[in-house]
Amino acid sequence: MRIFDFRLTAFLTLACAASWTTACKPRKSVRVELTDESAASLSASVHAADPQTAAQLVRGFYDIEQNSWRWTRREFAVVLQTPASSASKGATLTLKFAIPEAEFEKLGPITLSASVGGKPLPPETFAAPGTHTYSKPVPPAALSAAVVEVDVSLDKCLPPGAVDGRELGLIFSSIALESR
Amino acid sequence: MSRLGRFLGWAAPLLLCLLIYGRCLRFWFWADDFAWLSLSQSIKSWSSLWTALFQPMAQGTIRPVSERLFFLLPSRCFGLSALPFRLCILTTQLASLAVWSAVIFRMTRSRFAAILGPSLWVCGAGLAIPLSWISAYNQVLLGLTLPAALWFWLVYCETGGRRALACVWGFFLLGFGVLETNVVFPAIAITYAILFAPHRRRQTLPFFLVSALYTAVHFWAAPRTSEGPYLLTFDGGMIKTLWTYWAFALGETRFHGFPGEWRGVAGSAAVVVFSAWLLGLSLWTWFRGRREPIFFLAWFVILLLPVLPLQHHISEYYLAGPTAGLAAGAGTLTVWMWGRSRLAGAACLALCLLVCIRTLAVTHAQTHWYGRHTLAARKLVLGSVQAAALHPGKLILLTGLEDENFWGVVAERAFRLYGIPARLAPQDIPPTVLKAPPGEVSEFLLPEGPARFALLHGLAVVYDASGDRLRNVTGPTSMAALLSWRDFPPSRIEAGSSLYDGYFGPGWYPAEGHVRWMQQRGVLYLSVPLHARGRLLLEFTGNPVLLGPEPAGLQIQINGQPLGYGEIPSPARPTRWTFPLPALAPQTVVEVALQVSRAGPAPRDSRTLGLALAIAEIF
Chain A
1 MRIFDFRLTA FLTLACAASW TTACKPRKSV RVELTDESAA SLSASVHAAD
51 PQTAAQLVRG FYDIEQNSWR WTRREFAVVL QTPASSASKG ATLTLKFAIP
101 EAEFEKLGPI TLSASVGGKP LPPETFAAPG THTYSKPVPP AALSAAVVEV
151 DVSLDKCLPP GAVDGRELGL IFSSIALESR
Chain B
1001 MSRLGRFLGW AAPLLLCLLI YGRCLRFWFW ADDFAWLSLS QSIKSWSSLW
1051 TALFQPMAQG TIRPVSERLF FLLPSRCFGL SALPFRLCIL TTQLASLAVW
1101 SAVIFRMTRS RFAAILGPSL WVCGAGLAIP LSWISAYNQV LLGLTLPAAL
1151 WFWLVYCETG GRRALACVWG FFLLGFGVLE TNVVFPAIAI TYAILFAPHR
1201 RRQTLPFFLV SALYTAVHFW AAPRTSEGPY LLTFDGGMIK TLWTYWAFAL
1251 GETRFHGFPG EWRGVAGSAA VVVFSAWLLG LSLWTWFRGR REPIFFLAWF
1301 VILLLPVLPL QHHISEYYLA GPTAGLAAGA GTLTVWMWGR SRLAGAACLA
1351 LCLLVCIRTL AVTHAQTHWY GRHTLAARKL VLGSVQAAAL HPGKLILLTG
1401 LEDENFWGVV AERAFRLYGI PARLAPQDIP PTVLKAPPGE VSEFLLPEGP
1451 ARFALLHGLA VVYDASGDRL RNVTGPTSMA ALLSWRDFPP SRIEAGSSLY
1501 DGYFGPGWYP AEGHVRWMQQ RGVLYLSVPL HARGRLLLEF TGNPVLLGPE
1551 PAGLQIQING QPLGYGEIPS PARPTRWTFP LPALAPQTVV EVALQVSRAG
1601 PAPRDSRTLG LALAIAEIF
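The listed protein sequences derive, respectively, from chains A and B.
Taken in order, the first sequence gives residues 1 to 180; the numbers are from this note's numbering.
Taken in order, the second sequence gives residues 1001 to 1619; the numbers are from this note's numbering.
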């Protein structure tokens, strides 16, 4: 009696070859990106109207108004990515904002103080209504981390009133850390 | 029947197998697979090859063919690609089906039984996990070697040919390298001999002797465990375990919530009706002189005998081989009933199909589970490989993992295979990981303090694994780290990492390699985790200078109070100690002071060195 069945062996070989061939069929060489790097880092600059960076406005901001600006409280904070090489060369902090005339009439000159990564920057007083820029150099020591918290405070603000129940500081436009 | 018809008959079970399990070719590695793959990296010499092939591993098992060689050869030839493994598994299963068809045909002389039996096996509940999970290949391969040995045994019983007997021995001995269950082959051989060839009963004696010898050697080389899921318990509970496997074979399962699931009464009724039909009809045919169905049922029971004492480790993949017998029995009975009465045959066939509908739903759920999780593992591991290539030298922190991803990939040290420094970020930790005892999982997590340091200093990147591919979320996570993560001492310190610099007090040198050298006395700070078991773990290596006429000792203080003193048995070798701790409030910081009895310069190092600390942990 035959031990090996030729037909069985032939079929088995055929089936194995078919499965290997199917599985090993060359595919189009499409490189599949296994990671998505589109949101890898925070931004070093934040605009009031940019929804992509809104999460970096961590404290003291009200909702966006007219798709372009936001009111702040008396104290507010932003987290910014530190620019490349700023840990050795330092950077410049630039805050753009506005003081409405109605507010200026009630409060007079407003002094703005800021700190980056806990290191205080020189304060500056703004003695006129309108748009302003607070721009100060930031020492390298304050920028040793990859991200830093920028804390801003005003010496005075509009308290909650009958017309607007919010505490109002200034109208925030943008903030940025720029390499020097 | 025409040649084409016969060919298609032989092909039917194989095509059915490809149809149901062809998609497994796309699956990837999972859980134990990663440990077996790392075996290849452990081979540095002939002696390490011997160790890799024959040293008891994984619950004391020694399976050189189905696990050691199976993982070593493809990983050496093709690298860490799953496809060669998958092809090997599917090819083996196709071969098993062909051999099993041949066995049934030889025993029953019925071509339809030889088609129906393997087809029912493929549609049954036993093959889903072995064909979906690479580490369960031992079950698939034994599903080939045992039927092959049986087939040659049938030939030998009929013809007495020496070549056939040699082949029986060949497959029988090969089976010992595949799975321990192979020891039952003598029982199968004698059962066949008793039922069909009484004059061959004595020829089974050498098989029994070899099985007994193998069992003795196995228990000598790999002693039985005295606790845990692999504890062998020989008592009446084995009957209950057998019933559980019987019910699994008929479609009961621990998987729940899948489409086509038969719950409650419907499921139980199906098991009872099919059991009554199969057992009743087998006995009825036996009394009418047809013994094949009883033999096939005996095959089911005999193959399960070795796993019945594992009452705390009931697993569906043990059914891969046994269900071949069940399916063959059902197929044979159906064909015979068809021969007696078309109506009775049709009723039997309907019953088989009904069970298949149920088991196929279970099979689909199980393969779907493995497909989903192995492909998630692929995304996680290969995504991390790409992340490591994009950010060389940086630690990869992972977030958004499911529980299964953690236990099946991270805790199985899959990243070590690729040399990737990946850990879980201290946010969105899977629930079961949070509940796990601290000592079991802490090596896979980076605590808030070191993670905060790593992110703020650009030493790590964070990837979210919850989507279709890994998403770099370093920026948002860095913000969370800056604003809300506490710079608090962790419960585990890896002394060789600079991320932990802030938790060392006086008496330490900077981190170097995987350790940090201490002077004669050093202080470090650890926190007490929630659910701690009250143990302090220290892993260290002593300075060879500690070798001397008197034994060197290590004094440990906790918060200024002596905790213990131990003699360092072999200063130049890694030492792992655990000390019981006094009652400490959770989430508090503990000052740990270590002091060796003597310190001094080491060869080629003029510093005063006491010991090199690797790990300190409260768990």
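Hints listed in this document are in silico derivations from the structure and should not be mistaken for laboratory results.
Keep in mind the model is a prediction, meaning the values are calculated, not measured.
Even for Gly, the Cβ is constructed at its ideal location relative to N, Cα and C.
One thing to keep in mind: the hints can contain errors.
Some, not all, of what chain A presents toward chain B, calculated at C-beta under 10 angstroms [unchecked claim]:
id, residue
1, Asp36
2, Leu42
3, Glu75
4, Ala77
Margin query: Need the list of violated hint numbers for this structure, in ascending order.
Written below: 3
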